[in-house]
Every structure is written in structure tokens, then in C-alpha cells.
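Taking the hints into account, I'd like the entire structure generated from these sequences.
Each chain, letter by letter, is given below.
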Amino acid sequence: MTSLDKRVFAHFDWGLAIFTLVIPLFGLVVLFSAGYDAEGAVNLFGFFKVNFPSAACLKQAVYLLVGIVVMGLGMAIPTQTFYRYSFFLYGAALLLLCAVAGFGVVVNGSRRWLDLGGFNLQPSEFMKLGLIVTMARVLSKRPPRDGVSYRFSELVIPGFFIAVPMVLIAKQPDLGTALSLGIVGVGQILFVGVRRKTLLAIVLAVLALAYPAWEMLHDYQQRRILVLLDPESDPKGSGYHITQSKIAVGSGELFGKGYRQGTQTQLEFLPEHTTDFVFSVLAEEWGFVGCLLLLGLFFGLFVSMLRIASRTRDTFSCLLAFGFTVQIFAHVVINIGMVIGLMPVVGIPLPLVSYGGSSMLSILFGLGIVQGVSMRKLQYRPS
Amino acid sequence: MASFERPSLNVNSRAWIALGICAICLFVLALRLWHLQIINGHVFRDRSENNRLRMVYVPPPRGLILDRNGEVLVRNRPSFNIDFVTEDSPDPEQTVRALAEITGQPADPLIEKLTRQGKRRMYEPKLMLRDVSRDLVAKIAAQRYRLPGVIISVVPARDYIHGDLAAHAIGYIREISGEQLKNPLYAGYRMGDVIGQYGIEAKYERYLQGERGSQAVIVNAAGNKIGEAYSHLALPGSDVMLTLDRRLQEVADRALVGRRGAVVAMDPTTGDILAMAAAPRFAPSIFTSEVSKEAWADLVDGKENKLTNRVTQGVYPPGSVFKIFVAAAALSEGVVTPQERFFCPGYSMFGTRKFRCHKHSGHGSVDLYEAIVQSCDVYFYMVGQRLGVDRIYQYAHDLFEFGEPTELGIGDESSGLIPSTAWKAKYFRNPEDKKWYPGETLPVSIGQGAITTTPLQIVRGLSAVVNGGRVVKPRIVRKVVASDGRVLEETPAAPDMVRKLDLDPQILDKLKRSMVGVVEDKRGTGHRAGLPEIHGISVGGKTGTAQVASRESGNKSEDHAWFAGYAPADNPKIVVAALVENGGHGGVEAAPIAQDVFAAYFGIPDPPPESKATLKKKPALVVEVTRD
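Just so you know, the sequences run in chain order X and A. No gaps in the numbering here: position 45 of the first sequence is 45 in the numbering used here, and each next residue is one more. No gaps in the numbering here: position 228 of the second sequence is 228 in the numbering used here, and each next residue is one more.
Quick caveat, the hints were computed from the structure, so don't treat them as lab data. Cβ atoms here follow ideal geometry from the backbone N, Cα and C, with glycine treated the same way. There may be inaccurate statements among the hints.
Claimed, not checked - Reference listing, derived: stretches of chain X covered by chain A, where coverage requires no fewer than 3 residues with Cβ under 8 Å from a Cβ of chain A:
#: 1; stretch: 242–252
#: 2; stretch: 256–270
#: 3; stretch: 296–303
#: 4; stretch: 313–325
As the list claims (entries may be wrong) - If the Cβ cut is set under 7 Å, some of the chain X residues that face chain A in the computed set are:
#: 5; residue: SER310
#: 6; residue: PHE329
#: 7; residue: ILE336
#: 8; residue: LEU342
Take a look at the structure:
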């Protein structure tokens with residue numbers, strides 16, 4: 001391991017660090033309300049009994065602390081190491097995905113988890129990391145032959161790297177994660193550049209394949225997409241999530257109903273209000289103003305991440321930073337789009353805010369890697 | 001390491017493009033949020049309130065119904081209803097089947113109730129069974145685990161303290177029907193509301209109903225009540241005080257037990273109905289719980305017609321009671337003097353047709369007084385011919401209001417019919433039938449033929465004779481008092497007069513003296529209506545035995561028995577009409593009923609039949625059963 005050069009701290013990105021911490025702290029405040037239960041005695045991971053009225057908030061705080069450690073780990077690992085072990089990471093994640101397909105735990109009708117003796121592992125989180133790293137390596141190793149943009153033949157191998165885990169994850173079924181995985185990979189390719197003609201051909205091909213793909217979707221997935229078009233058609237069934245979420249968001253109006261005053265949330269009309277629909281809680285209790293605040297924080301985070309990407313001195317680091325940016329960005333847009341009725345309900349958490357350890361650790365690890373890229377940007381000068 | 005070389009791509013511009021796309025996406029999200037929260041925010045705010053609040057309606061206690069002295073006739077008692085919140089049951093039909101099994105009810109009608117929607121909010125309880133017994137409540141409570149969503153609610157129900165007392169006047173209440181809900185008259189009512197359907201309950205529905213209270217209950221998504229947002233108390237209905245006298249009503253009701261007929265008593269000066277009894281009766285309480293098909297069929301079917309208020313809806317030929325009004329016409333028109341005598345040989349010839357007097361041996365020579373007292377038919381055949389049918393019509397209809405409803409206002413009223421040449425010309429098609437034949441006037445003169453009246457019309461007409469010629473409008477409600485004591489409606493002390501008859505007081509006096517003779521004269525047909533002499537209250541009246549056209553004309557008991565009378569004779573306070581369908585002789589069947597009512601009115605202990613005034617006077621009287 002490269003010794004920690006003192007210069008690396010000179011390039012520590014304070015902007016990224018601040019947004020990385022402020023967003024989950026804001027999230028904890030929202031979660032305190034969303035998970036509020038006056039009689040809540042939290043049994044913390046089976047070890048301590050704590051009297052705290054919001055289990056989700058307390059556990060998330062613990063995840064955040066652990067996540068900060070994991071983020072430090074991401075910072076400490078040299079970018080070079082990721083380059084070196086990228087295929088290993090990708091291969092390991094792929095193996096885990098296969099293991100899930102074989103003997104994963106079924107939760108809510110989908111097979112996403114591996115039970116590792118009291119500890120559940122979600123291999124698709126590993127695959128996000130594996131794919132970003134691998135795509136960065138593949139694309140930086142094989143830049144477009146004309147030096148400007150890829151042609152179709154050059155995209156076959158990267159496309160293969162994206163497609164295999166996507167299919168495995170979509171089969172679980174976890175449409176949201178598969179989709180975000182695709183967006184990240186494709187985003188990295190587009191960042192480098194694709195010929196217009198090729199792009200057009202691919203888009204047309206995707207559209208042509210849309211119908212058979214639609215046929216392959218599960219009934220409930222089809223229904224969710226249909227319900228998006230007309231949520232009121234089934235207010236008690238598939239449309240319930242979207243309808244209740246829109247009521248929660250809309251009823252927040254400009255300034256919200258007040259902290260812990262959201263009736264949709266507190267009376268549990270809103271489903272999944274600590275996890276996927278946590279944004280609705282924010283919208284209901286903090287109103288439009290609160291929503292803009294969070295969108296602003298995320299925008300700040302993206303600006304910091306893109307600045308780091310743009311200041312790198314090598315393609316791999318750049319694509320690595322950009323890949324994580326796209327990952328978080330895709331999650332934010334899909335999640336918020338979902339809760340305000342712009343996208344189908346696909347079960348994607350809101351990064352850094354939704355309650356959940358896996359997501360928190362994985363996102364913070366990624367942010368640690370991006371911080372690491374920033375810190376080491378001068379280390380790899382062209383020889 | 002080639003890959004760590006300075007990238008050949010223009011990273012900066014790409015980052016800017018990426019930032020632009022990022023900004024656009026976030027802007028689209030913000031735009032959508034603006035649309036949801038600012039533009040449509042109030043809509044969603046309403047919907048979130050709707051989600052959170054469940055309106056629970058609290059039925060108001062219905063107003064009381066009191067008699068004229070303030071004695072309670074109908075009040076409320078707590079009752080148990082079985083309601084069902086379908087949203088709380090995973091399988092509503094299965095739950096209803098279980099409920100049917102536990103209660104021993106057929107399941108199908110209950111399941112049918114499930115499908116009747118009407119205006120209904122989500123989670124609003126649906127009424128399944130009304131007024132169930134405590135035993136059943138206990139059974140249902142014990143099996144609650146089988147009945148998710150089934151609720152036992154306590155609501156006020158009608159308590160008929162006196163059973164079926166004055167059932168036709170009071171009426172009944174029942175759940176509002178689908179047609180009624182669509183009727184703008186019932187705007188504001190909801191499915192499951194119980195409303196007056198008949199009698200006073202229906203007529204004064206808006207007063208008696210009161211105002212429904214409501215509670216906005218805060219519920220969570222599971223539908224459990226977790227608090228109360230606000231509530232409006234139910235406003236009890238207003239009390240309706242009737243003109244009926246409970247004691248008198250009881251006597252009238254009792255007199256008709258086992259008979260079909262009507263008894264009505266009225267204050268001749270004010271028009272206050274003191275008693276209104278019709279038989280057979282129904283028990284209003286059967287409408288409190290579910291009415292079975294059999295019970296309903298029994299109420300509306302066949303000859304019984306239990307729901308018919310025979311006082312206002314029953315039409316009968318008045319028979320000899322009508323002679324009073326014919327006599328009034330004849331004297332006023334001067335076609336006969338009180339002293340003029342006719343000879344009754346027991347029949348009267350009209351052309352080749354023989355019209356019989358009820359006393360086949362004949363009354364001999366009779367003047368007006370004797371003709372009324374003995375109810376001589378021949379006398380009135382003669383007088384009727386002198387008057388002609390149209391003059392009879394003019395007096396009976398135009399002056400005494402026969403053939404016109406009394407507008408008492410409780411339920412539909414029959415108008416009855418007084419025939420005339422104009423009526424016949426209008427209502428018959430065949431030119432032959434349109435003509436009035438003079439021979440047809442004869443039966444009309446004795447209250448037979450096409451003529452029909454209601455018992456209430458008889459009372460109204462007789463009141464006009466005995467109160468000095470004032471035709472008053474009968475009334476049954478004294479006042480309406482709101483729950484806070486405000487008097488909402490009060491009938492004035494002065495009667496609502498239809499008209500003042502311009503009749504010679506001497507003529508009225510002559511008629512009254514004749515009517516007293518009917519009861520008190522030794523030859524009178526109505527002596528059974530008289531009160532014991534020692535009380536000093538003399539009674540006047542007129543009997544009637546109306547022939548009913550029947551295939552079995554040989555059967556004497558087909559005749560309707562009538563008695564219409566008043567007391568005290570010198571200053572009438574009460575006018576009574578009693579009718580017994582197919583009862584036979586008015587003097588035998590109807591007069592004792594009137595006597596009972598008079599006795600009750602004047603507080604005279606029920607005299608045994610033998611102690612009756614006229615009988616005391618003439619213990620050896622041969623009770624000649626005559627058809628008067």
C-alpha cells in the first residue's frame with residue numbers, strides 16, 4: 001500500500017465531506033419522525049435495550065457511524081488497488097448473485113438476500129461497486145479507437161459486462177436495482193462518448209425489444225407500471241402506494257404540516273414510510289420548502305462529485321468518480337420520481353436518507369472511494 | 001500504466017453536460033413537487049383529512065308523542081343494532097354468513113344488504129340487524145372472533161308504552177326506503193335512517209326526527225379509532241302533543257277489540273280529536289325490528305287491512321245517521337214542518353216499486369220528532385222526494401262538507417261520495433245511466449245507495465248541528481315543543497272553521513231535541529248510548545244500520561252498525577261516532593261503544609248494561625230487535 005502522502009490531505013474535498021454528512025444527518029431527523037413510536041423500546045441488534053421513541057432513527061444512526069468507518073476504508077484504499085482488483089470484485093459479486101439465485105432468502109416474493117448466519121447480505125450492492133470499477137477499467141483500457149466516440153463493435157464487451165448482472169438481478173426480481181445498474185454502466189459509456197448513429201441504432205433496438213421484455217415482466221411489475229399511468233384505477237390494490245404517497249406529498253403544501261404532524265405518516269396510511277417512501281414523510285411534514293432543501297443538498301453533492309471527476313488526471317479515476325455520481329443520482333431521481341408519481345414503484349431507496357444498513361454502507365463506501373480519488377488526484381501523473 | 005494517463009477526452013465539458021442533465025432532472029422533480037404541493041396542495045390536504053377522519057353519525061333521540069294532558073304515549077328506549085364495517089372484514093360475505101348462522105337468520109337477505117350501497121363513506125358501518133335481543137347480543141359478543149367488522153351499537157328505538165294504543169293515529173317508523181331517498185322531500189336523510197312512515201310519525205317527521213349528531217373520529221390506516229377530532233351533539237327531536245286523550249283512546253280501542261270498525265271522538269267546538277280508534281289494529285312495535293315477509297303480508301293483505309285507518313280512510317254508507325242532515329235540509333227548505341205527519345204502513349210505493357221501512361209492521365202516523373226517534377224510513381222517503389237529490393246534495397256536501405276530506409293531515413284520506421244529478425251525468429258513460437231517476441232519491445234520503453262517508457265526516461257534520469252551525473276542521477295536534485322548551489307550533493284556542501252555516505237555530509234545536517229522544521225516548525233506537533240518569537248528563541244521537549250490498553243478502557249481520565251522538569245534550573262537549581263493520585244493528589252494536597266513550601269522558605265508572613238509564617226506566621222493555 002502506498003504510504004499516506006501528506007499531500008493527499010491537501011486535496012481532501014471538504015465540500016463532498018460536508019454534503020456526505022449533512023444529508024444523512026438531515027435524514028436522521030426525518031427518520032425520527034417517520035419511525036416514531038412513543039412506546040418504542042428499541043432492542044438494538046439484539047444486544048442493548050434502549051428507550052428511544054424511534055427505532056428506525058436509532059438504528060440508522062448506528063449504520064451511519066459504521067458507514068463513516070466504511071467510508072474511511074474506501075478513502076484509504078488506493079485507487080490503483082481498485083483498478084487491479086476490479087475483475088476480481090466483479091467476479092466475486094457475480095458468484096454471489098448466482099448463489100442468491102440458487103439458495104437466497106425469499107423476502108416479499110423476491111430472492112435478494114443471502115443469509116449468512118443472522119446477517120443478511122445483499123449481493124446486488126456488491127455488484128454496483130463491481131460494475132462501476134470494472135466499467136471504469138474496461139473503458140479506460142480501451143478508449144474509442146477514433147479517440148472520440150465508440151462504435152457499435154466496441155460496445156459489445158462493455159455491454160456484456162452490464163447485461164449479465166442486470167439479467168441476474170432482474171430475475172430476483174429486483175427491477176429497480178437492475179435498472180439503476182444499467183443506468184450506471186450506460187452512463188459511464190456515454191460519458192466517454194458514443195457515435196450518434198450507433199446510439200440511435202441502440203435506442204431503436206431497445207424500443208423494439210421493449211414489447212418482449214414487457215411480456216417477460218411479472219404480473220405485479222406490469223401492474224405497477226400500468227398503475228403509474230392511472231393510479232386511481234386501483235386505489236386499494238397496486239395504486240395504494242402511489243395514491244397514499246401523492247396525498248402525503250401534496251398535502252404538505254408550501255411549509256408542511258409540521259414536524260411529526262404528518263397524518264399520512266403518523267397514522268400509517270403511507271406504506272414503507274421509513275424506507276422507500278421516506279421522501280413522502282419529508283414532503284408531508286416539511287412541505288415544498290423541505291423538499292427543495294433536500295434536492296439542493298443532493299445537487300450540492302453531485303456538483304462536488306462531478307468536480308472531483310472533472311479534476312482527475314486519468315480516465316480510470318474519472319470514470320470511477322463519475323460512476324458513483326451516476327449511481328447516487330439515478331437512485332435519487334428514481335426514488336423521488338417514484339414517490340411523487342412520475343415513475344413506477346420499483347423499490348429503490350433514497351440514498352443516505354432511507355432507513356437501511358446495506359444501502360447506507362454501500363453508498364458511503366462509494367463516496368469514500370470518490371473522496372479517495374480526489375485526495376490522490378496528483379499521485380498518478382503521466383510518466 | 002496507460003490507463004492512468006491524462007485522459008484524451010475533454011473531461012471538463014463532459015462534467016458540465018452531466019451537471020446540466022443532473023440540474024434538469026432535479027428541476028423536473030421540483031416542478032412536479034410544485035404542482036403537487038402548491039397548485040394541488042389543497043386537494044391533497046382534503047384527501048389526507050378524509051383519510052384520517054371517519055365520520056360517525058349519532059342518531060338523535062326521536063321526539064316524544066304525548067296525549068293532550070302531557071301523558072307520554074310513545075318514548076324511546078335503548079336498543080341494540082348489529083352493524084358491519086365491511087372494510088374491516090377480510091371476507092365480508094363469509095362474515096355475514098357466520099352472523100346469520102349465529103343469529104339463526106336466513107343469510108340471503110343479510111347478504112343482499114351488503115350489496116345495497118347508497119351514499120356511504122368508507123368504513124361507515126352498515127346496519128345489518130335492528131333492535132336485537134340482549135340474548136342475541138350476548139351470543140354475538142361471545143363469537144366476536146368469527147365476526148371481524150361486526151359492531152354492536154346502542155341506539156334509541158321507539159318504545160310504545162301503551163302497545164298498539166291509537167296505532168293508526170300515531171303511525172309507525174321504519175327505515176327509509178330507496179325510493180324515499182331519491183325523493184327531494186327527504187333531502188338530507190341517509191340510508192339506514194329511520195323515519196316516520198305513517199300517521200303522526202310521518203306527518204311530523206321533520207319535527208320528531210331531530211338532528212343527527214356526528215363525531216369525527218381519527219383513525220389510522222387499520223381503521224382503528226385513535227382519537228376524536230371534533231363532534232356535534234345530536235339534537236333530540238321535538239315532542240308532539242296530540243289532542244288525543246289517553247283514557248278515552250283506551251276505551252275506544254278496547255271497545256273495538258275483536259271487531260272491525262272505527263270510533264272517533266271530537267270536541268265539537270274546537271275540532272280536537274279526543275280519540276281515534278280503528279280496528280283491526282297493528283302493533284307499531286313490530287316495525288322496530290326487522291319485519292318478516294309474513295308479518296308484512298298480514299299487515300297489508302286481505303280483508304283485515306290492518307293498516308287502514310278506518311276513521312279517515314274507511315268509507316261506508318251512513319245509513320239512518322244521515323237522516324239528521326236530510327231533516328236539516330227539509331226544514332230549512334220548508335218542504336216540511338216539524339208538525340206535519342206522514343203515515344207509515346211499513347212501506348212506501350214509488351210507481352210499481354215497493355220501498356220498505358225497516359219496521360215492516362209500520363210506524364203509523366209520525367211527525368219529524370217521531371220519525372227521527374224511531375228512525376222511520378217512510379217519512380224520509382217522502383221528505384227526500386220533496387227535496388230532490390240535488391237539494392240533499394247541496395246541504396250535505398256544500399254545507400256539511402260530506403264528500404270532502406277533512407284535511408286532518410295524517411295519511412291519505414278518503415272523501416266519500418254524495419250523489420247528485422251532476423255526479424251521475426259526469427261519472428257514467430252509458431246515456432241511460434247518466435240520467436237520475438227519481439226513484440234513486442229514496443235510498444239516498446235514508447243514507448243508502450251510492451252515498452258513502454267516513455266516520456270522521458260524520459263527526460264533523462254532527463258537530464256542526466250541535467255546536468250552532470259551525471263546521472270546524474278536525475285537528476289532532478295541540479302543539480310541538482322543541483327539546484329546549486321552545487313551542488314550535490301550537491294550535492290556537494279558536495277552531496279552524498270551514499264555514500258557519502246559516503241555519504235557523506230553531507231548526508237545529510228541533511234536531512237536537514229529536515236526537516236526545518233517540519237515546520232517551522222509550523221508543524228511541526239509541527237508548528243503549530245513554531248514561532245512568534243519576535249523573536244528569538243526557539245524551540243525544542242517531543243510530544244507523546247501513547245495508548251492505550252483498551251476495552249473501554239474507555245474512556243480517558252484513559249490515560254496518562252506526563251510532564253518532566253527543567253529550568251533554570244542552571252544552572255538547574264531545575261528539576262520538578262509532579261504526580262496527582257488519583256488526584248488525586246500530587242501536588245494539590254501536591250505541592254501547594259510544595256509551596263507553598261518554599262514560600269515560602265524564603268520568604262515570606263503567607255502568608253494567610242492566611243499569612243503563614233507559615233500561616232502569618223500563619225494566620220490562622221488550623228489546624225488539626228492529627232494523628232502524
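Each hint tested on the structure:
1. 242–252: As far as the stretch 242–252 of chain X goes, the hint holds, because 8 residues have Cβ atoms under 8 Å from chain A.
2. 256–270: Satisfied; 5 residues make the cut.
3. 296–303: Coverage by chain A holds here, the residue count being 4 at a Cβ distance below 8 Å.
4. 313–325: holds (count 8)
5. SER310: Cβ of SER310 (chain X) sits 4 Å from chain A, so the hint holds.
6. PHE329: holds, 6 Å
7. ILE336: holds, 5 Å
8. LEU342: holds, 6 Å
In summary, this structure violates none of the numbered hints.
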